Amino acid sequence: MKTSFRERVISVTGMTCANCVATVERTLLKLPGVEEATVNYASERATVRFDPAEVSLDQMIERIERAGYGVVRGQEGVELTEAEAITRDEEIAFQSRKFWTGVAFAGPLFVLSMFRDFGLLGSWANDSWVNWLMFALATPVQFWVGWDYYVGAWKSLGNRAANMDVLVALGSSAAFGWSAMVTVALTNGTVVFGTHVYFETAALIITLIKLGKLLEVRAKGETGAAIRELLELRPNSANRITESGEESVPADEICVGDVLLVRPGERVAADGSVIEGATSVDESMLTGESLPVEKLDGAPVTGGTVNLTGAFKMRVERVGSDSALAQIVRMVGDAQGSRAPIQRTADRVAAVFVPTVIVIGIVTWAVWWFGTEADFTESLMRFVAVLVIACPCALGLATPTAVMAGTGRAAGRGILFRSSEALERARDLSVVLLDKTGTITRGQPTVQSVVSDEEVSLLGGADEYVRLAASVEALSEHPIARAVVEEAESRLLDISAVEEFKVIPGQGVSGRVEHRSVAVGTSALMTHLGVEGVIEWTSRAEDLEAGAQTPLWVAVDGRMAGLIGVADAVKETSVAAVAALRSRGLRVIMLTGDREAVANVIAQEVGINEVYAEVLPSEKAQVISQLKERARGAVAMVGDGINDAPALAVADVGMALGTGTDVAMETADLVLMRGDLRTVSEALALSERTLRTIEQNLFWAFFYNASLIPVAAGVLYSVAFLPTVLRSLHPILAALAMAFSSISVVANSLRLRRVRIPGLPSEN
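Quick note: the numbering used here has the sequence shown finishing at residue 765, numbered continuously throughout.
One or more hints might be untrue.
Have a look at the derived ranges for each label pair, beta carbon to beta carbon [stated by the list, open to error]:
no., residue 1, residue 2, range
1, Glu247, Asp323, 22 to 32 Å
2, Val250, Asp464, 50 to 60 Å
3, Leu158, Thr14, 15 to 25 Å
Simulated from the structure, these hints should not be mistaken for lab results. These figures come from a predicted structure and were not determined experimentally. Where a beta carbon is used, it is the ideal one built from N, C-alpha and C, also for glycine.
Using the sequences plus the hints, can you model the full thing?
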């Protein structure tokens, strides 16, 4: 029996570093029926592929919670995103309270400790009660502000996977516990443990790391701002037209089939089509296109766009999760929650990071205690510094924060990446194949010529065979078929019913109209059907092709009746788009099912040197597979996402040109919503910049840990010319450095939301 797998996104809270990601993944994968589980630290989402017959969503949530993490309750899509935003706001408020509580106690404690150490206070400062005062100030910080670290450490050890909480809890507890022992001993009149206490060190470690956590939560929220901005496009209410008149209703109550009135300045509340009125609409928030789009009777309108000029009525066709806006939010969320291949190295390091740091800390303490003249407390502080300065968070944040910021920036330009893997592959392209119709050309072919010969024609005139051809083509969804139908309508010809209608893929259509056998398509179709007179019409077809017209061969009752020349104008932006791709060193190829002569004329017009013409839809995938074997890099296919579905699926990167509402193109890795070929180059520029940011983040995360952990261990102690702060790194400075490390990675990723990227036009 075939297994029916489902995919579900679960929002997970309480993760503190990359090790938590691995723990949640392992926890889910242990459940029977879970085939795949991918957790993203920055977006705090787990994407799970599972068999609902073996495991339920409640079971997965229960197992995550048993592992010590929280789950945001809510349905998928928009509702889950809104619930996550509320949870994040609550987390920021919680972390803020913790931090300011830490400041309230650690601040006076630090001042008291420093003043005493520098002899700025009287002899009373050395009395034992002062140590107890310090103990009293440090205890709330250690066990209330820092309680999260103890809970997290305990649960992570229970899961047999040490995380950052273990390092913080162990390091701060060592300083606090030793100081408590010294305080008790001094009160009892013994100096067996020395006289110096480090309460301020323990308190400031927790407070500074809590500051880093607070800033990290806020910054992670910023990387996901693209989804929030999309959600804000939804209006709260709409004007619904009923039999009794107009009423204002909440947007959530709108149903398919409702008629809405949209006034100038209002946002469209749902997807649908104009049924009365004319206007212009601002679609820039969805497509990145700043120019208004004219909307006449029958034109599609998308929820979230802004009506600019005239009032109009619309009929609702899609609401809720079926709307274009909801699909965009879901697609951006999927991309931001996925894991890029470049993250794998960081994941492997993170898996052994914390245990390795603990071992380094113990070795550091042992070397300083047994191998030098340092006393126990100095050796202990080296141990604490090593634990506290280590930062697995930076490793976990390096890739996902950049992916979230980069895909969010792309969404603002009307470029939707389906996954971070597609984002990464787009940087490695060497070949780009472009479909002709609808990609390079407008995709709106029109009839340019009607060629007939009264001596050969069986019908006595061009109008009659155009009428018959249009009758058959009326049942086809191909753009060229629509052009023939529109030509017949412009000639005021009646379209008749068709019997025995057949579609011959890549060749044309046939059927019976008024007891006549009619075939419309390529010369290959005519030959296949054994039509008479094909040879006599060949030179005329070649004349049409020389003028960039695609000849449609029309046969009636087994004999040639005429030719219909159809042309599709090249988009104004195609020449610049091809030039931009070639300037990147890419090999640009046209891949089309059209006649070779027509394809060559169009290719020459836009600057393409290589053409694969007369390729059937089923053969396009084979061409791409062959190119992938020979290409030095990845191969991309750009098409309309419907007729080119097999080719898009086979390509390393499939790009579908949309129209602002065509976002549900399942086979495409990227959806370019503007329908503008120049956005291919924009997508590549964004991919390059995002991957460069990831590499910068990973370099910083590895460099930080590889260089500062040895400094904390004291390897520079014997270098006399260095300042003391580097030769003997204090745990407080180590905690500050650790907090800075995470924030610097997130801040670098956030630059993607604002930095000027070469290749992108100015954003309005």
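Hint compliance check: list the failing hint numbers for this structure, sorted ascending. Of the numbered hints, all hold.
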